[in-house]
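Participant: If you want the building blocks of each chain, they are given just below.
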Amino acid sequence: MSGFDRLAALVAKDLLVELRSREVAYSTLVFALLVLLIFNFAFELRVENLQALAPGVLWVTFIFAAVLALSRLFAAERDRGALEGLLLCPVDRGTIYLAKLISALVLMLAVEAVAVPVFIALFGLNLPLGPLGLVAFLGSLGFASVGTLFSALAAHTRTREGLLPLLLFPISVPVIIATVKATGGVVAGEPWGVTLPWLQLLAGFDVLFAGLSYLVFELAVEE
Amino acid sequence: MKAAIRVDGLEKHYGLTAALRGIGFELGPGQVCVLLGPNGSGKTTLLKILATLVRPDRGVVEVGGYDVRRQGRLVRNIIGVVGHQTYLYEELTVAENLRFYGRMYRVPELERRIREVAGLLGLEDRLETRVRALSRGFQQRAALARALLHDPPILLLDEPTTGLDADGRRRFGEILADLRTRGGTVLFSSHAFELERDWADRALVLSAGRLVFDGPAAGLDAGVLAGLLAGRGADRVRV
Numbered sequence: 008m009s010g011f012d013r014l015a016a017l018v019a020k021d022l023l024v025e026l027r028s029r030e031v032a033y034s035t036l037v038f039a040l041l042v043l044l045i046f047n048f049a050f051e052l053r054v055e056n057l058q059a060l061a062p063g064v065l066w067v068t069f070i071f072a073a074v075l076a077l078s079r080l081f082a083a084e085r086d087r088g089a090l091e092g093l094l095l096c097p098v099d100r101g102t103i104y105l106a107k108l109i110s111a112l113v114l115m116l117a118v119e120a121v122a123v124p125v126f127i128a129l130f131g132l133n134l135p136l137g138p139l140g141l142v143a144f145l146g147s148l149g150f151a152s153v154g155t156l157f158s159a160l161a162a163h164t165r166t167r168e169g170l171l172p173l174l175l176f177p178i179s180v181p182v183i184i185a186t187v188k189a190t191g192g193v194v195a196g197e198p199w200g201v202t203l204p205w206l207q208l209l210a211g212f213d214v215l216f217a218g219l220s221y222l223v224f225e226l227a228v229e230e
Numbered sequence: 260m261k262a263a264i265r266v267d268g269l270e271k272h273y274g275l276t277a278a279l280r281g282i283g284f285e286l287g288p289g290q291v292c293v294l295l296g297p298n299g300s301g302k303t304t305l306l307k308i309l310a311t312l313v314r315p316d317r318g319v320v321e322v323g324g325y326d327v328r329r330q331g332r333l334v335r336n337i338i339g340v341v342g343h344q345t346y347l348y349e350e351l352t353v354a355e356n357l358r359f360y361g362r363m364y365r366v367p368e369l370e371r372r373i374r375e376v377a378g379l380l381g382l383e384d385r386l387e388t389r390v391r392a393l394s395r396g397f398q399q400r401a402a403l404a405r406a407l408l409h410d411p412p413i414l415l416l417d418e419p420t421t422g423l424d425a426d427g428r429r430r431f432g433e434i435l436a437d438l439r440t441r442g443g444t445v446l447f448s449s450h451a452f453e454l455e456r457d458w459a460d461r462a463l464v465l466s467a468g469r470l471v472f473d474g475p476a477a478g479l480d481a482g483v484l485a486g487l488l489a490g491r492g493a494d495r496v497r498v
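Listed in order, the protein sequences are those of chains A and B. The first sequence begins at 8 in the working numbering and counts up one residue at a time. The second sequence begins at 260 in the working numbering and counts up one residue at a time.
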């Protein structure tokens, strides 16, 4: 694949910058943990309603935290004047999109990997981590696919922090519904045949959102 | 001779404001041209259009024979750009930044080339320093190193000497002279024309989005320039 070396360099750069600054990872993680803590106090979950509410609690936490991370995906680079340098490189805009998507996904999954054990500890719920990991990956991919595009769009505006969720939430409703339903199936320990259609729907939206975003990304980063 | 930069009938509007109106000029290989004009005259917009960062509304814009609208990636391969910002990542060292951009441009023998451009700009001792910790002058030298890394035949530079001390300015002048002898083309905007006049063999002057002078840089002194910007004197002097 001709652009793979550039894609790898872009992702490595993003992760190294984040590793050094820890600007997004720390704030996103602390935010996710605080939301879980608030839910824990607010709902007083009991065994009889725990399984019904757990998927919603988990994904509201992940999605709010993801919006925080996505809002800084391009904004930090733009604020420091590096975004134009990136756009001046002889690289397909689509490659830049894919690199940003991978960087956002890595960050989201890292935060989720820390938040899930905390969720289990706080709510005393035994979750099958393998299937939950698959749902988390597909759900995060769908949300990050469209979130990366809108983050690039919103980065040009002064009201980007407010604009991003307004753009992102309505569009990502199908992904959120499919993800919560699939998580519900996993939490309730339902047969694989019940959860599979939601996962297939989720995978379909992932491909659709990532494909469309890849194609229109060039328009989003034009001045 | 094929033009390195060809602009004809270029128009650019931001909403109702005309940033560039009917701009036309050509630059050949081996030409170093200074772009002058007051704030808001359209210098940065023109350079950004040539660099494929801003899309023109109308007109022909070709860089290295490539159309900036349809062949942006090919244009970006042959240009080196310095803007108002450094385009560098503050959390990374100078070497890490150059390594990253070198991989984007697929620069052969990258480590050797990094040492070479660092030597040209006096950055050898600061390669392992994070950009955040550099002075403004050394950040600008690093920005120039980034633009020169892939040895582009065409340089588009927006006030490239901002923050440079006398040594940095001298080094930059030598780089321009070397590029000119190798047939490279440079278009740079300047806020210190009196100091930089000798580097350029041609000058373009913009005023309110219009090209009001196109001629030899040597024939342009402070009095003539002030007159042009005030709307007096030669109207579109051609080389």
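Some hints could be false.
Claimed, not checked - One-sided excerpt, in silico: chain A residues whose CB lies under 8 Å from chain B:
no., residue
1, 24
2, 91
3, 167
4, 197
Just so you know, these hints were derived from the structure itself, not from any lab. Note that beta-carbon positions come from the ideal geometry of N, C-alpha and C, so glycine has one too.
Participant: Does each hint fit the structure? Answer for all of them.
Facilitator: Going through the hints against the structure:
no., hint, result
1, 24, "holds (5 Å)"
2, 91, "holds (6 Å)"
3, 167, "violated (18 Å)"
4, 197, "violated (46 Å)"
Violated hints, listed in ascending order, are 3 and 4; each of the other numbered hints is respected by the structure.
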